[in-house]
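Asker: Sequence:
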Amino acid sequence: MAEDSDNLNRRGFLQYAGATGAAVTSFALAGCSGGDEDDLEDGEDGEDGEDGGDTTDGEDGSDGSDGSDGSDGSDGEDGDDGEDGSDEPFEITMTQRQDPTTLDPHDHRETTTDNVILHAYEGILWRGPDGGIIESLATEWEQLAPDRHKFTIREGVEFHDGTELTPSDCAFSVRRVVDPDVGDLESPQRDQLAGIVDAEVVEDENAIIVHSDGTNPLVFQEIASYCSVVSEEWINNNANEDIATDINGTGPYQLSEYTEGESTLFERFDNYWGELPDATQVEIIAAGEDSTRVGQLESGETDIVSAVPPADAGRIEGSDDLYVADEGSTRILFLPMRYDVEPFSSVEFRQAMNYAIDLDQIINEILSGFGQPTAQPTLPASSVTTPTSTHTRTTQSRPNNSSRTAVTLAQKSKSSTPPVGIC
Numbered sequence: 001m002a003e004d005s006d007n008l009n010r011r012g013f014l015q016y017a018g019a020t021g022a023a024v025t026s027f028a029l030a031g032c033s034g035g036d037e038d039d040l041e042d043g044e045d046g047e048d049g050e051d052g053g054d055t056t057d058g059e060d061g062s063d064g065s066d067g068s069d070g071s072d073g074s075d076g077e078d079g080d081d082g083e084d085g086s087d088e089p090f091e092i093t094m095t096q097r098q099d100p101t102t103l104d105p106h107d108h109r110e111t112t113t114d115n116v117i118l119h120a121y122e123g124i125l126w127r128g129p130d131g132g133i134i135e136s137l138a139t140e141w142e143q144l145a146p147d148r149h150k151f152t153i154r155e156g157v158e159f160h161d162g163t164e165l166t167p168s169d170c171a172f173s174v175r176r177v178v179d180p181d182v183g184d185l186e187s188p189q190r191d192q193l194a195g196i197v198d199a200e201v202v203e204d205e206n207a208i209i210v211h212s213d214g215t216n217p218l219v220f221q222e223i224a225s226y227c228s229v230v231s232e233e234w235i236n237n238n239a240n241e242d243i244a245t246d247i248n249g250t251g252p253y254q255l256s257e258y259t260e261g262e263s264t265l266f267e268r269f270d271n272y273w274g275e276l277p278d279a280t281q282v283e284i285i286a287a288g289e290d291s292t293r294v295g296q297l298e299s300g301e302t303d304i305v306s307a308v309p310p311a312d313a314g315r316i317e318g319s320d321d322l323y324v325a326d327e328g329s330t331r332i333l334f335l336p337m338r339y340d341v342e343p344f345s346s347v348e349f350r351q352a353m354n355y356a357i358d359l360d361q362i363i364n365e366i367l368s369g370f371g372q373p374t375a376q377p378t379l380p381a382s383s384v385t386t387p388t389s390t391h392t393r394t395t396q397s398r399p400n401n402s403s404r405t406a407v408t409l410a411q412k413s414k415s416s417t418p419p420v421g422i423c
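Counting from 1, one number per residue, gives the positions in the sequence shown under full-length UniProt numbering.
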C-alpha cells in the first residue's frame with residue numbers, strides 16, 4: 001500500500017498549490033511490430049477510471065510491416081516466396097489500469113471503458129491527433145440556425161451484425177443519450193451533450209438535424225467527443241444487461257470474446273468502411289498495480305501498458321526492446337481559490353499563492369517531466385481559447401518573499417471555510 005500512500009501525499013501537497021498544470025499521459029510499448037515510434041497516433045490511456053474525464057481511445061497505434069518477399073534463385077528457379085506480412089496474424093495485447101465497467105457506450109463515464117469499446121464503436125464526428133474535429137460517420141456538418149445543426153451521414157457503412165447504418169441510427173443514438181425516455185436508459189453522459197435536446201432524420205436526405213434548447217455554439221465539439229453510434233434496431237431488440245456485455249458497432253474491430261473482469265478480445269472487422277488497421281487481433285486486459293503492468297511489459301506478457309508511472313519511464317526507455325510514448329492529455333489539474341473567503345478575498349494573497357508555487361519543480365521532481373505548466377484552465381488547442389490567451393505563466397517577476405507573504409496573510413484570516421478546492 002506504499003504506492004497509495006505516496007499518491008495521497010502528492011495530492012495533499014498539491015492541495016496547497018495555487019497551480020495550474022496540464023497532464024501528460026504516457027504508455028509503454030514493446031518493439032514487436034516493426035513500426036517506427038513516429039507512427040504512433042492513438043493509444044493513450046486517460047487518468048484513473050474514477051476520474052471519468054477525457055475521451056481518448058485505446059488504439060494500439062503501432063504499425064505492422066509486410067514480410068519480405070523471397071528472391072529468385074540464380075539458376076533461374078524461383079526462390080522460396082516469403083509470405084506477405086499483411087496475411088499473417090498480427091496480435092496485440094494491451095494492459096490498462098482497470099477493466100471496462102460495461103460495453104454499453106452510453107452508460108458510463110470512464111476513460112478506461114472508452115479505451116476498450118471505442119475499438120468497435122464510432123461517433124458521428126471524431127477528433128484528430130491535434131484535437132481538431134474530423135469526419136467519422138458524418139462526412140459534412142453545418143449550422144442551420146443557432147439551435148439547429150445538420151450532419152450528413154456517410155453511406156455504405158455496415159454494423160458488425162451485417163445491417164446497414166442509417167441516419168435513423170444516428171438520430172436515435174443522440175436521443176438515447178439526451179432523453180431518458182429513449183432506449184430505456186438514463187445516460188450518465190447526458191450533461192456532456194449540454195443543451196442538445198433532440199435529433200431527427202431529414203426527409204429525403206441522408207442526414208440528421210440536432211436540436212438544442214437555445215443558442216448552442218458547442219454542438220460540433222460535443223458530438224465529436226461523445227455519443228457513439230449504435231444500431232437502433234439492435235438496442236431495441238436487446239435488454240440493457242445484454243447490451244452491457246456485447247457490442248454491435250461500426251468500428252474497425254468487432255467483439256470476439258468478452259470475459260467480464262478478465263479480458264476483452266477483438267478481431268479486425270474486414271467489412272469496415274475505412275482503412276483497415278494492421279493488427280488482426282487486439283486483447284485488452286487490466287492490472288491495477290503499476291508494478292504489475294510494467295512487469296508484464298518487461299517479461300513480454302503484454303505489448304502495451306497504459307498510465308506508465310513517471311518513476312518507471314527511465315528504466316523502460318533504457319531497454320532496447322521497449323519505449324515510452326507520451327501525449328498531452330486533455331485533463332487540466334488546477335486549484336481554484338474562492339475570492340469571497342478570507343484570505344483568498346485578497347488579490348495580493350492570491351497573487352502570492354500563485355507565485356509561491358514552483359510548477360517546474362512539481363513537474364520535474366514529482367511528475368518526472370510528464371506535465372506542462374499553463375496559466376489558465378484550458379489547453380492551447382481548446383475551442384474556447386482566444387487569440388490573446390496565454391498559456392505561459394511567467395515567473396520572471398516572481399517576488400522572493402511570495403511564500404512568506406502568503407503565510408502572513410493567511411495567519412490574519414480567521415475564516416474556517418475551506419477556500420481551496422481541487423479540480
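Keep in mind that the hints were calculated from the coordinates and are not lab data.
Glycine included, C-beta positions come from ideal geometry on N, C-alpha and C.
Hints are not guaranteed to be accurate.
[As the list claims (entries may be wrong)] Derived Cβ-Cβ restraints for the label pairs, each shown as a range:
no.: 1; residue 1: L218; residue 2: E140; range: 16 to 24 Å
no.: 2; residue 1: D181; residue 2: D246; range: 20 to 28 Å
no.: 3; residue 1: G128; residue 2: S345; range: 37 to 45 Å
no.: 4; residue 1: E164; residue 2: D246; range: 13 to 21 Å
no.: 5; residue 1: L276; residue 2: P309; range: 31 to 39 Å
no.: 6; residue 1: N238; residue 2: Q376; range: 19 to 27 Å
no.: 7; residue 1: D321; residue 2: V341; range: 51 to 59 Å
no.: 8; residue 1: V341; residue 2: L218; range: 25 to 33 Å
no.: 9; residue 1: P217; residue 2: D184; range: 30 to 38 Å
no.: 10; residue 1: E267; residue 2: Q361; range: 43 to 51 Å
no.: 11; residue 1: G131; residue 2: S168; range: 40 to 48 Å
no.: 12; residue 1: I133; residue 2: V202; range: 14 to 22 Å
Asker: Each of the hints needs a verdict: does it hold here or not?
Answerer: Verification of the hints:
no.: 1; hint: L218 - E140: 16 to 24 Å; result: holds (19 Å)
no.: 2; hint: D181 - D246: 20 to 28 Å; result: holds (23 Å)
no.: 3; hint: G128 - S345: 37 to 45 Å; result: holds (43 Å)
no.: 4; hint: E164 - D246: 13 to 21 Å; result: holds (19 Å)
no.: 5; hint: L276 - P309: 31 to 39 Å; result: holds (34 Å)
no.: 6; hint: N238 - Q376: 19 to 27 Å; result: violated (45 Å)
no.: 7; hint: D321 - V341: 51 to 59 Å; result: holds (54 Å)
no.: 8; hint: V341 - L218: 25 to 33 Å; result: holds (31 Å)
no.: 9; hint: P217 - D184: 30 to 38 Å; result: holds (32 Å)
no.: 10; hint: E267 - Q361: 43 to 51 Å; result: holds (47 Å)
no.: 11; hint: G131 - S168: 40 to 48 Å; result: violated (30 Å)
no.: 12; hint: I133 - V202: 14 to 22 Å; result: holds (21 Å)
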